[in-house]
Amino acid sequence: MLEIKKLHVKLEEEDKQILKGVDLTVEAGKVHAIMGPNGSGKSTLSYVLSGRDGYEVTEGAASLGGEDILDMEAEERAAAGLFLAFQYPVEIPGVGNMTFLRTAVNAQRKARGEEEMSAAEFLKVVREKAKSLKIDADMLKRPVNVGFSGGEKKRNEILQMAMLEPKMCILDETDSGLDVDAMKLVAEGVNALRDAGRGFLVITHYQRLLDHIKPDVVHIMADGRIVKTGGPELALEVENNGYADILAEMA
Amino acid sequence: MRFAPVLTKPSAKRDADTAARLDVLGDIDATGCLAEARKTALARLTEMGLPHPRDEYWRYTKPDTLVQPQAPAAALHDASDEAPLYDGIDRLKVVFVDGVFDPAQSDSLEMAGIELCRLAELSDTDIHWSRDLYGVLEADGQVPVPRPLAALNTAYASDGIAIRVTDKAARPVNLIYLHENTASDAMLHHVIKVEAGAELTVLENGPAAARFNACMEVDVAEGGAFHHVRAQGRDRERRTVTHIFTRLADEATFKSFTLTANGVLTRNEAIMDLQGNDCVAHVAGASLGDGGDFHHDDTVFVSHGGLNGESRQVFKKVLRNGATGVFQGKILVKEGAQKTDGYQISQSLLLDDDSQFLAKPELEIYADDVACSHGSTSGAIDEEGLFYLRSRGVPLAEATDLMTLAFLAEAIEEIDNAEIAEDITSRLGAWLERRRG
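First to last, the protein sequences are chains C and Z. The first sequence: position 192 = 192 (my numbering), numbered continuously. The second sequence: position 102 = 102 (my numbering), numbered continuously.
With the rest of the complex left out, here is chain C (with noise of 0.2 Å):
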């Protein structure tokens, strides 16, 4: 589904290199989870692979579904089928979350050359979607994120995410800033969303979200690199003894 080959990148405005080779590829049905320090290269990576300016990737490639993305504009990606949970959900005063929404889920499928869905259809279908996610009426009609708790963004983002069905997920940090029983919510909006046709990549420091949404393979990210891959198992390793034996066996 998401294949990162060698990729290399920098900051547009300074001369620092971030990312130093970053090999992965996420399977479709798979749920994949990236660890690390601070610093690492985590969000970078979620950035770069959504389309966000500022960075340069100087050598390397990433293809979604086997086509080339790197080249496309952030809209293109996501039409694409590639979505991003962002760490710190941005607040738009101004626009209601519905029609943004709306735009959002009506833009992919005309990039797509598909139907438009219709008002009523997408009342339907989104007021199911907040439901089980506990977003009421009023958190819908609200500008975009403005006066959310940190729980009701990330609850936002997964409801984006159900409403546009994208192919592949990358979930930066979504367990920053939620108390467990809103991670346990997050969680759960998130695999009723695990699908055989669709891929995860889940970034986090912790490996508490990680009891909720069982990663298949699990990546210690460390200076721009993948250091280390292995099961579920090493996430609780990590959570045990933290980063310093792995980056010590490396070094």
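There's no promise every hint is true.
Said to hold, decoys possible - Reference listing, derived: stretches of chain C covered by chain Z, where coverage requires no fewer than 3 residues with Cβ under 8 Å from a Cβ of chain Z:
#1 50-63
#2 66-76
#3 106-113
To be verified - EDC-like, lysine to aspartate or glutamate: derived pairs with alpha carbons at most 20 Å apart:
#4 C:141 with Z:413
#5 C:141 with Z:414
#6 C:141 with Z:410
#7 Z:255 with Z:433
#8 C:141 with Z:422
#9 Z:330 with Z:354
#10 C:141 with Z:124
#11 C:110 with Z:433
Stated by the list, open to error - For the chain Z half of the interface with chain C, some residues (derived, Cβ under 8 Å), not all of them:
#12 391
#13 405
#14 414
#15 416
To be clear, the hints were calculated from the coordinates, so they are not data collected in a lab. Where a beta carbon is used, it is the ideal one built from N, C-alpha and C, also for glycine.
With the hints as your guide, set chain Z onto chain C.
Frame of chain C; chain Z shown alone:
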């Protein structure tokens, strides 16, 4: 006799400009109940003279095309690409074509609880309530800053409408200004009296003329409410100067919103006098300018005289391709006007480096227990928000429009009526969509 100190500096150019303009306009209408008001307005104007480019209040906006004897031509704009504004709203239509009342397109001037009368008809009568209002608020509004184009209007306005409301008006009055003559030079003056506890909504729309000078005086008595929503026409080359003067008694409410898209020159002045206690005055505007010849100026003066008054000024401008936006807003809190709550925000969204926004916020406070705040910002589109939208699949052009509408939302939210606000929002959306690159 009211006294307005003349603050304009003597200037030979001013004298010549004023004489040339008055020469074209000729004699004032010296008949009927407004004759005296016209005469004193002309005296005021002659004393002040028309605006001069070096006048402090015309520092950011060139008055020359508003002052010159003949109106510069303005091509007619074909607006058939959009639905008529306020179409879904049950309203009483009063239509002016190039400043001339058109009975054929207008509704009959009758509504329960409301008295409507054309100004032109007042030339034949000596007694009418509007006599106590016409030119009175305008004259009061000449202090501390002279507004000669308003005095010119009082002296020469060819028509307009006088509305007196004694109850809650059943539906809004819609003043529609059509533009059919490329060289038209129109001057209209409206006087509105909202009696105690009465309510009225006035809607205005249309480009009006090649050059349009409009003046509205609104007197709101105890507990009365006046709502005003205006959309100034899209005709690219039109020039407009407007003045709204309002006087508020105890617990009176005045709310005004203006949408401006295009028009090479617009100067909208709002002069609000909160004389009573517990009154509320809101004035807001959203303007969209595209191109180096676009110039939009909002000039506001709020005077708090009573206790516990609330005033809000919310102005948002979207400027692109070298357009210019101006905001001059002043809040005066007089001695004794305690518990005043004054708010003022003026913001511009500059979509490129060539556009500019000039803002002059002012506060002058002579009471010690007040809350007044003001802010002014200029900025580009929020990149974070833009990326967020794009990452969800919204194409750049559409995402830019959404962010632009989001920027304007705070001003549009000032419109109380949801249906009208929706109308205005879809106008804005259509304007943006037409300009997508």
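Practice item. Kindly indicate which numbered hints from before are broken by the structure, ordering the numbers from low to high. Key: 7, 9, 10, 14 and 15
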